[in-house]
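Visitor: Chains as they are written, first to last, in this note's numbering: chain A, 1 to 605; chain B, 1 to 605.
Quick caveat, the hints were computed from the structure, so don't treat them as lab data. Please note that the accuracy of each hint is not assured.
To be verified - If you only want the chain B side, here are some residues facing chain A, beta carbon under 8 Å, derived:
(1) Val64
(2) Trp66
(3) Thr67
(4) Phe68
(5) Lys107
(6) Gln116
(7) Pro118
(8) Ser119
(9) Pro122
(10) Val164
(11) Pro537
(12) Glu591
(13) Leu595
(14) Gly596
Even glycine gets a Cβ: it sits at the ideal position worked out from N, Cα and C.
Protein chains: 2
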Amino acid sequence: MRGKILIAGLALSASLGSTAWANESVIKLSKDPNNWVLQNGDYAGHRYSKLDQITTANVGQLKVAWTFSTGVLRGHEGSPLVVGDVMYLATPFPNVVYALNLADEQKIIWKYIPKQDPSVIPVMCCDTVNRGVQYAEGKIFLYQADTTLVALDAKTGKELWKAVNGDPKNAETGTVAPLVAKDKVIVGISGGEYGVRGSLTAYDINTGKKVWRAYSTGPDSEMLLDPEKTLSLGKPIGKDSSLKTWNGDQWKTGGGTTWGYTAYDPDLNLIYYGTGNPSTWNPVQRAKDGKPIDQKWSMTHFARDVDTGVAKWAYQMTPFDEWDYDGVNEPILADIDVKGEKRKVEVHFDRNGFAYTLDRVTGEPLVAEKYDPAVNWATKIDLDKSSPEYGRPVRVKKYSTFANGTDFNTKGICPAALGSKDEQPASYSELTGLFYVPSNHVCMDYEPFKVSYTAGQPFVGATLSMYPGPDKPERMGTFLAWDAGKGKIVWSKPEQFSVWSGALTTAGGVAFYGTLEGYFKAVDQKDGKELFKFKTPSGIIGNVFTYVQGGKQYVGVLSGIGGWAGIGLAAGLTNPNDGLGAVGGYAGLAEYSNLGGSLTVFALP
Amino acid sequence: MRGKILIAGLALSASLGSTAWANESVIKLSKDPNNWVLQNGDYAGHRYSKLDQITTANVGQLKVAWTFSTGVLRGHEGSPLVVGDVMYLATPFPNVVYALNLADEQKIIWKYIPKQDPSVIPVMCCDTVNRGVQYAEGKIFLYQADTTLVALDAKTGKELWKAVNGDPKNAETGTVAPLVAKDKVIVGISGGEYGVRGSLTAYDINTGKKVWRAYSTGPDSEMLLDPEKTLSLGKPIGKDSSLKTWNGDQWKTGGGTTWGYTAYDPDLNLIYYGTGNPSTWNPVQRAKDGKPIDQKWSMTHFARDVDTGVAKWAYQMTPFDEWDYDGVNEPILADIDVKGEKRKVEVHFDRNGFAYTLDRVTGEPLVAEKYDPAVNWATKIDLDKSSPEYGRPVRVKKYSTFANGTDFNTKGICPAALGSKDEQPASYSELTGLFYVPSNHVCMDYEPFKVSYTAGQPFVGATLSMYPGPDKPERMGTFLAWDAGKGKIVWSKPEQFSVWSGALTTAGGVAFYGTLEGYFKAVDQKDGKELFKFKTPSGIIGNVFTYVQGGKQYVGVLSGIGGWAGIGLAAGLTNPNDGLGAVGGYAGLAEYSNLGGSLTVFALP
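Please build the complete structure, drawing on both the sequences and the hints.
Guide: Listed below in structure tokens is the structure:
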């Protein structure tokens, strides 16, 4: 019952806000660690729980408390939510939502089965995943594969409203978790491998009416950029910042899709998210007059005003991408010491292999260091404010797929296209002040080929070969602790396959994550020492979460192999070269794991 | 390690046989309780293990040791086998077979994926189930849904031979576990709801060549009946015993399918199995000149000579069936006291609600009593040898769907069509001498309708409404202990839904079973007291098994709702009246359970 008492105090302080926005009640719920009310635990994306019944001393005694089959095969990303005694769980396509009664043997209170045209399945690049529902004010928000956003009555599962955000015929699909801020529910869009033009769209939580949409590319008016007020590297962004960096109207089919987790700072009234790769993957086709050009604002982290959608700032991590290093990885908001000064930062572990610590008020990069020593496409990020290359990566020509040209196979690029980390969210431990990062250790050979755009068709333009990073014994993953103020790895624990599961840290000193083989693991936040492991029914790409029911702390995770790393198993591709090479070194997973979606929930005896 | 020592002695005594038949090595393996080498543990079908690490005293401390997703949804019947350090596991359609290395983190050694035409799915009446593979002499025998019998190399998973036993175009399908006896592998056939003519067929284990086939109906030559030597109720069966009891050539589409578990007595050289309902379910259409006629040998238990297939005896439990009380339930062979005399018996818990104790040498009924007090279609089985009705049920006219006629809805018949027990195998405890029976407590309204035969089309001819038996509070199942010598219930434990999971008893005094809600349960053999329960990912219709690995006893069960009781969930039927009423009272399962095949394996901490 310790958690309950802790929370009472916190909930009080949370209610000191002003108007009755939806996020206020969500914040109140999120400050009660008995709940898991947001996909990442709180709006800052900490994935940290104040619960401390399970500790480094007793976590080795964990046992499985209960299990639940989702009834769906293929990749299970995200996690359920827990609000009071009810758990809300969404599956991959067909995106069934369950409400389970935790106080009564996990009985199914209601089940919502959307009607969706299965023709959306083949245009989902990286499996039929869904990164979870969100909750606010008695409503569950589901973002379906076919881009239908649905508000359900959390009590009954009845539809309150529906809004259609995109068109699957043009390969626009929904995989991302919605975010609720104030009176809005905000969603991105997937389809960067099909030339979809990315956007973020806010709907009214009560009516489903569209309030604003901010595209990732194109005219300022459509991007909701204010040439004077929107900042880039601390300065006004200027007019037509996107249009100027594209070859003709390629921005219209230019990607910059928005499928990672989103964070929210209610004090600054800003939401944070990233944009994906510029389409196509063949950089030669995106160059202008034979020269690289940035393709803004693909590969960018944005901060936007909740009310208007207007960007406060934009920071592009990988201008003129040549490797598919989508900039979508989750922003984590924290107030930490950077070079001796307490800063409001946004930390994210980019696909490109650099961990960025940005000033979240201005978007200026404070720290940017490699979190995988194998990263070789760039030597560093230039943080010299006086440099003309300020904020940009310093590239290594050998690994430039543009310099090497179409139909040239550039070997040994690290990281691989799926990045040093993909969508699997890291955790910020309020206990240690460190970040706990599930990551990939994968390199690739990359060969661009010419491709032309057809709506709804793949617009990839490169074949890959992916393989373990340069270490003995060979391995494809790491779980690591990161000091974001210093830009240093504190400890690093190798894993055979990529760690493609969202991490959780707790006040008990434990960090939890899952592996692609299917192991749920607990390690010591201090040193990464493995304290517990358990083989769940399938490989894990879901995110660990925790809650209290009846006074007892539970920790759970969805297993169900799939996603990009598991696409071979999920879609029945058995050859490493299948899917333009997307299967890669993960073909070996077939020895360990198998399709099947289950929730496994652990507790102390 | 206690099990290992116990076994060494037993294995020695098993090797005292004569010629080197396959069953001898299987018997040797089955006497080592570290293995689970046969679907029902041994050839007698005891489902009893001499392992005693897990006891009534410590079973409450069980925890999940490991789990494995099968990658297949829908109903998971049967169980894996364990031979040494390798587990062999078959899934429902598409009947994937896995070999798992128990000594190395359950890694997949090989995976066999049959190529089958999915058009077989709609002609599987009661879900796409498979009741398990069998092992003998380094081979795994898989009987596919499409009736292909495959021998696989147990080491590599490579196909050794294939034989085709039936034609799915005529709705002949495979669900039953093969039986290996001497140099033969023996399989039945499913499809009683489609007018399939039942048969049992033996193939050479080394070549896949057909050795003999014994039909359930028709001429003596095709049924392998010897008019002089085959016995019925202790007397020669006589000429044309089947043909005489059918209206014209209805026997050609007359059912008597053979889809239950099979037992084997190597000393008597006999195999034991049952035959299903006569087709159609409308008895009026099967009458001759308006009068009931037996439809032999549907609804029959047979003992057949392994070498020739010739029947030693036949005993028909439900002549002229009017309720779909298939006689396929598993024979269990034991030597027990019956009325003060030690007898070689075959015990089985018939769908019709009576538990039969038969002399397994002659087929004569020794004891036949109701194992569910709700049974009302017959008052008793006439066991008076001098009676003209000897061996036959004494019917209650009120519940005669024949007497009431076509298009009349007869109400309140107990048991329902799925019987007081279906295929879920019971266990005979060598510790207590009692039988532990997973059972149904379900009644029905039954309305025959006229139907005509078309090959490959449903030939059912009745609609049902099924509901809980007459008890407060309402419930649909029971787990009970039965004294087969006396024909008495020893204790009876109510369950909300039918207990559709095969039971296991052990030398530790524990009886195990699963429930349709998904609970794996352990009870005391003595009194049925519940000692442990755990919620597996899905409803359980699989059979509990046990084995030793690395000196430690494990107990496991497949979960994966489906089969007849779970067909509503498995096939997406949500209304109790769906499937001609086959869904019935099980519609309530949707509150508890969900599709998904997983193996859950338990051990002491």
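Visitor: Which hint numbers doesn't this structure obey?
Guide: 6, 7, 8, 9 and 10
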